[in-house]
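Chain by chain, the residues:
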Amino acid sequence: MSIFTFWKTILKSLISKPATLMYPFIPRKFYPNTRGSIKNKIEACIYCGLCQRKCPTTAIVVSKPDKKWQIDIMRCVTCNACVDVCPTKCLSMENQYSTPVAKE
Amino acid sequence: MSNRTVVPFGPQHPVLPEPIHLDLVLEDELVVEAIPSIGFIHRGLEKLVEKKDFIEFVYVAERICGICSFIHGQTYCQGIEELMKIQVPDRALFLRTIWGEMSRIHSHTLWLGLMADAFGFESLFMHSWRIRERLLDIIEETTGGRVIFGSCKIGGVRRDINSEVLQRIQGELNQMEKEMKEIANVFIKDKSVKNRLVGIGVLSRSEALMLGAVGPMLRASGVSQDMRKLGYAAYKNVEFEPITSEDGDSYARCVVRIKEVFQSFDIIRQCIQKIPAGPVDIKVTGNPSGEFFSRTEQPRGEVVYYLKANGTKNLERMRVRTPTFSNIPSIVKVIPGSQLADIPVLLLTIDPCISCTER
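Here the protein sequences line up with chains S and Y, keeping their order. So for the first sequence, the working numbering puts the first residue at 1; every next one is plus one. So for the second sequence, the working numbering puts the first residue at 1001; every next one is plus one.
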């Protein structure tokens, strides 16, 4: 049983940079793989509805006759299932998280 | 004998963010009985197999628990693959093992931090989580998510890691291991830590077996049982021995978890050396039928998935037995005889995950 076992770590933290980021001033870095939010290049979309069928949270609603593609970002869990099945590759996963909203 | 008082513990308690309620029967400061009640966050995920098809359900299985998310998904996928007689490519099995061990390290360092916080060692808590943060960055880089990996699917994995990245990860993990040794030294040797943990909540070997304890709780009582020894995924190709301790107290559970962190670093190292080239997934056709028990070792202990399929795209029944559920009888057994002030630390030593337990 010993005491002062922490001194080495304390000394190191005193001389090193902080491990945290000054968040709003230094933005955090995202990786190319980061699942942030779904984006649809709507001009390439053929409204096939595959993404709607594969979405586990039923966040996507597609209507072929009206040419409408809608996503409810509050339901989306960014699982990447829709991006995987999209036949025209118009859906993509953005690295940035979707912006905060005040109400659903 | 003094008068008995009942002190409610939870469902909202500062020591853990999840709702478990204990009625603690006290004689002065001594706890003589603990009556647990759970059921505050039941979400009915098992019923959801009737709505979601068996491929979509991987997403649900991963979201049963936030911390052992990957291994939940892996256990479910292994069960379905067994039912459908799918031969998963070797590279996918190795990647699953690497991610599984990463999630074990991140779960254990999270627990070590929470533990340090519970016995009032704030700076140790911060340093445990500082190390964990670097691991979460590696996980985000390779899978895309920080805690919900989303990288396991039926028939393999959804992403590959190329060999350059694997070598770089190896370097970073070696560095993390060095830093972890310093922190582990504090947990193992420091007087103030030992004062709070040694001799608290002793669970003997026979009690642990009788009450069906699992995971580090069982191994800390001297039973060498680890589901990874079943040889699922790539564990048949790596060398490791279950870590045990004889004492069965809170300190033993802490030491077992610390040693398991280093064991996980070692398993990842072995996997990176041995990983074969090849495809990472296989096309899945048809529907599962039959029933199967899928068992794996989570950071918290053994998880069992019971799957019953009837040849349609929806499973007929799915049942999960999570490690915390198996450990609740043991914690109810060890609480009587402890001081009231030790209860938060003692409850944390089973690494409770109540959302898991209630699904």
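FYI, nobody ran anything at the bench for these hints, they're computed from the structure. A couple of the hints might just be wrong.
Derived DSBU-like pairs (lysine-lysine); straight-line CA-CA distance at most 35 angstroms [unchecked claim]:
| hint | chain 1 | residue 1 | chain 2 | residue 2 |
| --- | --- | --- | --- | --- |
| 1 | S | Lys-54 | Y | Lys-1259 |
| 2 | S | Lys-29 | Y | Lys-1259 |
| 3 | Y | Lys-1178 | Y | Lys-1153 |
Each pair of labels, with its calculated beta carbon distance range [as the list claims (entries may be wrong)]:
| hint | chain 1 | residue 1 | chain 2 | residue 2 | range |
| --- | --- | --- | --- | --- | --- |
| 4 | Y | Pro-1336 | S | Arg-75 | 41 to 47 angstroms |
| 5 | Y | Pro-1344 | S | Ser-63 | 52 to 58 angstroms |
| 6 | Y | Pro-1017 | S | Gly-36 | 24 to 30 angstroms |
| 7 | S | Gly-36 | Y | Glu-1082 | 30 to 36 angstroms |
| 8 | Y | Asp-1137 | S | Phe-25 | 18 to 24 angstroms |
| 9 | Y | Gly-1199 | S | Gln-96 | 48 to 54 angstroms |
| 10 | Y | Arg-1004 | S | Gln-70 | 58 to 64 angstroms |
| 11 | Y | Lys-1308 | S | Ser-2 | 53 to 59 angstroms |
| 12 | Y | Glu-1246 | S | Gly-36 | 46 to 52 angstroms |
| 13 | Y | Thr-1005 | S | Gly-36 | 35 to 41 angstroms |
The model shown is predicted, which means the values in this text are computed figures rather than measured ones. Where a beta carbon is used, it is the ideal one built from N, C-alpha and C, also for glycine.
Hints, verified against the model:
1. S:Lys-54 to Y:Lys-1259: Distance of about 42 angstroms is beyond 35 angstroms: violated.
2. S:Lys-29 to Y:Lys-1259: Between Lys-29 of chain S and Lys-1259 of chain Y the Cα gap is close to 32 angstroms, so the pair holds against 35 angstroms.
3. Y:Lys-1178 to Y:Lys-1153: holds (33 angstroms)
4. Y:Pro-1336 to S:Arg-75: 41 to 47 angstroms: Since the Cβ atoms of Pro-1336 of chain Y and Arg-75 of chain S sit about 46 angstroms apart, the hinted range of 41 to 47 angstroms holds.
5. Y:Pro-1344 to S:Ser-63: 52 to 58 angstroms: holds (53 angstroms)
6. Y:Pro-1017 to S:Gly-36: 24 to 30 angstroms: For Gly-36 of chain S against Pro-1017 of chain Y, whose Cβ atoms are near 25 angstroms apart, the range 24 to 30 angstroms holds.
7. S:Gly-36 to Y:Glu-1082: 30 to 36 angstroms: holds (35 angstroms)
8. Y:Asp-1137 to S:Phe-25: 18 to 24 angstroms: holds (20 angstroms)
9. Y:Gly-1199 to S:Gln-96: 48 to 54 angstroms: Roughly 51 angstroms apart at Cβ, these two residues keep to the hinted range, so it holds.
10. Y:Arg-1004 to S:Gln-70: 58 to 64 angstroms: holds (60 angstroms)
11. Y:Lys-1308 to S:Ser-2: 53 to 59 angstroms: Since the Cβ atoms of Lys-1308 of chain Y and Ser-2 of chain S sit about 55 angstroms apart, the hinted range of 53 to 59 angstroms holds.
12. Y:Glu-1246 to S:Gly-36: 46 to 52 angstroms: Holds - the Cβ-Cβ distance for Glu-1246 of chain Y and Gly-36 of chain S, about 48 angstroms, lies within 46 to 52 angstroms.
13. Y:Thr-1005 to S:Gly-36: 35 to 41 angstroms: With Cβ atoms ~51 angstroms apart, the hint is violated.
In summary, the numbered hints that this structure violates are 1, 13.
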